[in-house]
Amino acid sequence: MSAHEAHAETHVEGTTKLFLVVWIGLLVLTGIEVFLAYIQTPLAIMLIVLMGLSLIKAALIIAYFMHLKFERFSLFMVLFPMLIFCIMMLFVWMPDAQRALQLRPGQ
Amino acid sequence: MASEAKALGSAWGGGGSPFAIGSKKFGMWLFIVSDALTFSALLATYTYCRMSTANWPTPFHFSPSVIFSTIMTLVLLSSSLTMVMGVHAMAHGNRKGAVAWILATMAGGAGFVILHLTEWMHLIRDEKVTPFGNPWGEPLFGATFFGITGLHMTHVTIGVIYLGIIALGVGRGKFTYEDVEVSGLYWHFVDLVWMFVFPLVYLMSVKM
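Protein chains in written order, with my numbering: chain A, 1 to 107; chain B, 1 to 208.
Any given hint could turn out to be false.
[Said to hold, decoys possible] Mimicking DSBU-like on lysine-lysine, the simulated pairs with C-alpha atoms at most 35 Å apart in a straight line are: (1) B:128 with A:69; (2) B:25 with B:128; (3) A:69 with A:17; (4) A:69 with B:174; (5) B:96 with A:69; (6) A:69 with B:207; (7) A:17 with B:207; (8) B:128 with B:24; (9) A:17 with B:96; (10) A:17 with B:24; (11) B:128 with A:17.
[Stated by the list, open to error] With the Cβ distance kept under 8 Å, some of the chain B side facing chain A (calculated, not the full set): (12) 40; (13) 42; (14) 57; (15) 59; (16) 80; (17) 203.
Since the hints were derived computationally from the structure, they do not count as laboratory data.
A virtual CB, placed ideally from N, CA and C, is assigned to each residue, including glycine.
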């Protein structure tokens, strides 16, 4: 192992304690989600709450486990705004589902 | 390692990497973004099918189906933690520790696949659910269920093989910190996808 590589290997951020805290946070959020299913929350409310919680979980995983918080901001700007925009465009079709619902025979 | 020094140079000074990361890591990030779009499209399709169907089946009983899938979620989440620990150990030059943590991650991934296949077998054999039909009347239920969870399970399986190769290389003193970190990115992404599949496919399908 070269001296240069050794230098590169020590250049990291985040501690074991931080990862444990994030992991516990993810477990707690999962627990809340499962509890919502257990008490049989109405589907529309559940969908909104579940997606909100899942987005928080995704943000935690991306920021801490995937180290994006410790990368340059330019990397985030290159990867994520367009991803979010593309995903939002997928929802353009959702109102059409209501139309398709009425078109189907026997329903 | 010349790329590392170059990467840390000024973004405007002709440096090779304006993001201060190696090309392997950037490549994995680009793959993750495109894969995220694949899963987003599948989940959006599932949502569309569900919204355009009057009587979408919600067949999963809280006990045992949802409890079973919650255990699967815990296994996958914990394997993400062990992967982070593996990357952390490698960052401090602890190759033995890194291999041990990666092996633990692989065990978690393999456990997830085994649990998932058990659930699939139960659905196929006992509940007679296939991608083409099910007793509850809406064939798209099986198609979307097996399509989404199947693609995710494929990712986990590939991840376990990928980590196996990384563990082998790290044990032999071949791979660097960046290789382990890149495999970690892939593994966390697989975990991240499940954070959307689990609520949408399982929790939203609890029998009322």
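Status of the hints after comparison with the structure:
1. B:128 with A:69: 46 Å, violated
2. B:25 with B:128: 43 Å, violated
3. A:69 with A:17: 16 Å, holds
4. A:69 with B:174: 28 Å, holds
5. B:96 with A:69: It holds: about 27 Å lies between the C-alpha atoms, which stays within 35 Å.
6. A:69 with B:207: Measuring from Cα to Cα gives roughly 39 Å; hence the hint is violated.
7. A:17 with B:207: 39 Å, violated
8. B:128 with B:24: This hinted pair is violated, its Cα atoms lying about 44 Å apart.
9. A:17 with B:96: Given pair residue 17 of chain A, residue 96 of chain B holds - Cα atoms ~21 Å apart, limit 35 Å.
10. A:17 with B:24: Given that 35 Å is the threshold and the Cα spacing comes to 28 Å, the pair holds.
11. B:128 with A:17: Violated, at about 46 Å.
12. 40: 5 Å, holds
13. 42: Cβ of residue 42 of chain B sits 10 Å from chain A, so the hint is violated.
14. 57: 13 Å, violated
15. 59: This interface hint is violated because 14 Å lies over the 8 Å limit.
16. 80: 6 Å, holds
17. 203: Where the cut-off is 8 Å and the nearest Cβ of chain A is about 4 Å from residue 203 of chain B, the hint holds.
In summary, the structure is inconsistent with hints 1, 2, 6, 7, 8, 11, 13, 14 and 15 from the numbered list given earlier, while agreeing with the others.
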